[in-house]
Amino acid sequence: MFETLILMLDATIRVATPLIFASLAGMFCERSGIVNIALEGKLLAAAFAGAAVAYVTGSAWLGCIAGVLVAVCMSLLHGFATITHRGDQVVSGMAINILAVGLTVTLGRHWFKQGGQTPALSGDARFAPIHLPGADALQDVPVIGLLYSELISGHSLLEYVAFAAVPIAWYILFKTRFGLRLRAVGESPSAVDTAGISVAKMRYSAVIICGILVGLGGVYLSVGQTAQFIPNMSAGKGYMALAALIFGKWKPWTAMGACLLFGFLDSMAIRLQGVSIGEFQIPVQAIEAVPYVLTVFLLAGFIGKAVAPKAIGVPYSKERE
Amino acid sequence: MKKLVTTLSAVALAVSSFAALAAAKPAVVYDTAGKFDKSFNEAVFRNGVEVFNKDKGVQVREFEPQNEAQREQGLRRLASRGFTPIVAVGFNFASAVEKVAAEFPDTQFTIIDMVVDKPNVQSIVFQEHEGSFLVGALAAKTSKTATVGFVGGMDIPLIRKFACGYEQGAKFANPDIKYIQNMTGSTPSAFADPAKGSELAKSQFSQGADIIYAAAGGTGLGVYQAAKDAGNYAIGVDSNQNFVQPGTMLTSMVKRVGVAAYGTWEEGMNGEWQPGIKVLGLKENAVDWALDEHNASLISEDMKAYVEGLKADIIAGKISVHDYMSDNTCNF
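Protein sequences appear in the order of chains A and B.
Under my numbering, the first residue of the first sequence is numbered 459, with each subsequent residue one higher.
Under my numbering, the first residue of the second sequence is numbered 486, with each subsequent residue one higher.
Please keep in mind that the hints were generated in silico from the structure rather than gathered at the bench.
Small disclaimer: the values here were computed from a predicted structure and weren't measured.
Check each hint, because a few of them may be wrong.
Unchecked claim - Straight line, CA to CA, 30 angstroms or less: simulated DSSO-like cross-link-like pairs of lysine-lysine: (1) B:Lys656 to B:Lys713; (2) A:Lys659 to A:Lys707; (3) A:Lys633 to A:Lys709; (4) B:Lys713 to A:Lys571; (5) A:Lys571 to B:Lys539; (6) B:Lys789 to A:Lys571; (7) A:Lys707 to A:Lys763; (8) B:Lys584 to B:Lys629; (9) B:Lys789 to B:Lys768.
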C-alpha cells in the first residue's frame with residue numbers, strides 16, 4: 459500500500475512538471491495583464507523544436523535551448539500583436555495555438571518524413587534520470603529508503619528545475635521591485651505609467667519570462683518525459699495549466715498545488731481504471747472528467763473567489779480616444 | 486435549362502466513370518495521421534501503393550488530409566476526377582464515405598476498418614482479435630511474472646476488440662495469468678499522447694506486468710519507450726513495429742492493410758470489384774504475428790511452434806476467438 463502510494467506520487471511529479479512550468483509561465487504573463495491561452499501552442503512548438511534539435515545535434519542541452527528560443531519567439535509574437543498593436547489577446551493566443559499545431563506537423567513531415575513525428579531520441583539526446591547520491595544505499599531502509607530512492611531521486615533534471623522554479627517565481631513576483639511593478643502593471647497600468655515606468659517594457663519582460671518557462675515545459679514533454687515529438691502531443695496540457703493557474707488564484711505556491719492535484723488525480727485515474735465498485739465498473743470517461751469537474755466544484759464551493767488581475771485582457775493605450 | 490444542365494452533367498458523369506473503368510485510376514485517401522505514421526497508414530503505403538505502382542505500372546493517386554474537413558473534400562475531388570476504386574483508410578472515414586458514395590453512385594469506394602452499407606462501397610474489416618489472441622498467448626508464455634498488460638488508445642469498440650482477443654489468448658496460454666488493461670482516453674487525442682502512454686506503462690510495470698501490448702497509435706510509442714527503459718517487453722500493433730525498439734519488442738500484431746488495399750485496386754482493374762463486407766483474418770493471412778531479425782533472439786523455437794500451432798487451430802476452427810464487436814462484451 460505504501461509502495462503504491464509512493465509510486466503514485468512519483469507519477470504525480472512526472473505528470474505535474476509540464477503543468478507547473480506552463481502555469482508559472484501563464485502567471486507571469488497574466489499578472490502583467492496579458493491573457494495567455496497560447497500556452498498550449500507554445501508547449502507544442504517548444505516540444506517540437508526541442509526534439510528536432512536534440513535529434514539532429516544529439517544533445518539534449520541544445521534541444522532545450524532551441525525549444526526555449528522558439529517559445530520565447532512565439533511569446534514575442536503574442537506580445538507584438540497585443541502590446542505593440544493592442545490586438546485582442548484571446549484572438550492572438552488562439553492564432554498562436556493554431557499556428558503551432560499546423561507548423562509543427564508540416565515542418566516535421568518535411569524534415570523527418572515520418573508523418574510529423576521526430577525520430578526517437580536516445581543516449582545524450584535525452585535528459586536521463588538523475589540518481590542522487592546515496593539513493594541505492596538507502597533503498598532498503600524502510601519508509602525513508604523508498605521515499606528517498608523512488609520519490610526524491612531518479613527524476614530528470616527538468617523536474618527538479620520545475621520545483622525549484624516555484625520559490626524563485628514567488629520571490630521575483632512578491633519580493634522584488636520588478637515583481638511589484640509587474641503586478642502593478644496588471645492591476646492598474648495607468649498608475650504605473652504615471653510613475654514613469656514603461657508599461658510596454660514591463661509587459662514584454664513578462665512575455666519573455668513566460669516564453670522561457672513554457673519552453674522548458676515543452677522540452678520536458680518531448681526530451682525528458684518521452685523521447686520523441688508526436689503531433690499534438692501537448693494534448694490539452696496548456697489548458698490544464700491555465701485551469702491550475704486560476705485554481706491557484708494566480709499565485710505560485712497554490713498554482714503548484716493545483717498542478718500537483720491534477721497530476722495526482724491523473725495518476726489515480728490510471729490506477730482506478732478497470733476497478734469496479736460492486737457490480738459497477740467505473741468508466742474511463744468519468745475518471746477523465748474528474749480534474750475538470752473538481753476545478754469547477756472546488757472553485758465554486760471551497761476555494762472562494764479567484765480574482766483575476768484587474769487589467770487583464772485590456773490592451774493599454776496612453777491616450778483616451 | 487436547368488433540366489438540360491442536369492442531363493448533361495449526368496451524361497458527363499456517366500462518360501467519365503465509363504472512361505475511369507477502362508483506364509483504371511486507383512486512388513487512396515490516408516487518415517490524418519499521415520502516410521508515414523510507422524503504423525496503419527504506412528502499411529497501406531509500403532505494402533499497397535508502392536507495390537501496386539511497381540507491379541502494375543499504374544500510379545495510385547494519393548491524398549493526405551490535413552484536418553477533419555479535408556476528408557470529405559479529398560474523397561469528393563478524387564471521385565469527381567474519375568478515380569475508382571478509392572480506398573479510404575480508417576474508421577474515421579465512415580461518415581465521409583457514406584456521404585460521398587451517395588453523390589457518386591458509379592464510383593467504387595472501399596473503406597478499411599469500418600462497415601458502410603451502400604451499394605457502391607466495399608467494407609474491409611479485419612479479425613484483429615485473432616491476431617491479438619496469438620500475441621496474447623505468446624506474452625503469457627513469455628511473462629516471468631505471470632502478469633501481462635494492455636494499453637489501448639481511445640476507448641472504442643474497435644480497440645476493445647484488440648484487448649479482448651489479447652486477454653483471451655493470454656488466459657488460454659496460462660489460465661492463472663493476471664491481466665491489466667488501461668485505455669488512454671475517450672477522445673481522438675488518446676491516440677497521440679505518448680506521455681500518458683509512458684505513465685500507463687510505468688503504472689502497469691509497477692503492478693507486476695512485464696509485457697505490454699499497446700494498440701494506441703502514437704501513444705504506443707511512449708509505451709515502447711517505457712518498456713525499453715524498464716528492461717521489459719512491449720508488443721507492437723498494425724505494422725511490424727519490431728524495429729522501433731529492437732531487442733525489447735517481443736513481437737507485433739500485424740494487420741496487412743496494404744495487401745487488402747492492393748487487392749481492392751486489383752479487383753477494380755480486372756472488373757471484379759464487389760461491394761459488401763469483406764472479413765479478413767488469420768485464414769486470409771491478413772492478420773499475423775511478426776517475427777523478423779529484430780525479435781528473433783527473443784522467440785525460442787518452442788515458442789514459435791506453439792504460436793504457429795495456435796494459429797493453425799484458429800484457422801481450422803478448433804479455437805474460436807471471441808469478437809468483442811459482435812456483442813459488445815468480452816465474455817469468452
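Query raised in the report: Do the alpha carbons of Lys584 (chain B) and Lys629 (chain B) lie within 30 angstroms of each other, as the hint requires?
Result: violated, 51 angstroms
Requested in this report: Would you mind confirming whether the straight-line C-alpha gap from Lys633 (chain A) to Lys709 (chain A) stays at or under 30 angstroms?
Outcome: Between Lys633 (chain A) and Lys709 (chain A) the Cα gap is close to 13 angstroms, so the pair holds against 30 angstroms.
Query raised in the report: Taking 30 angstroms as the top limit, are the C-alpha atoms of Lys789 (chain B) and Lys571 (chain A) close enough?
Result: Violated. Lys789 (chain B) to Lys571 (chain A) sits at ~34 angstroms, over the 30 angstroms cutoff.
Query raised in the report: Is Lys789 (chain B) close enough to Lys768 (chain B), meaning Cα to Cα at most 30 angstroms?
Result: Roughly 18 angstroms between the alpha carbons, so the hint for Lys789 (chain B) and Lys768 (chain B) holds.
Query raised in the report: Quick one, are Lys707 (chain A) and Lys763 (chain A) close enough, alpha carbons at most 30 angstroms?
Result: Answer holds: Lys707 (chain A) to Lys763 (chain A) is near 8 angstroms, not above 30 angstroms.
Report task. For the pair supplied as a hint, Lys713 (chain B) and Lys571 (chain A), confirm whether the alpha-carbon distance does not exceed 30 angstroms. Result -> The given pair, whose Cα atoms are some 24 angstroms apart, holds under the 30 angstroms limit.
**Report entry** Hint consistency between Lys571 (chain A) and Lys539 (chain B) [alpha-carbon to alpha-carbon, up to 30 angstroms]
**Finding:** holds, 21 angstroms
Query raised in the report: Are Lys659 (chain A) and Lys707 (chain A) close enough, with their CA atoms no more than 30 angstroms apart?
Result: Status holds; Cα separation ~25 angstroms.
Query raised in the report: Within a Cα-Cα threshold of 30 angstroms, do Lys656 (chain B) and Lys713 (chain B) meet the stated pairing?
Result: holds, 25 angstroms
Comparing the model with each earlier hint shows violations of hints 6 and 8; every other hint is respected.
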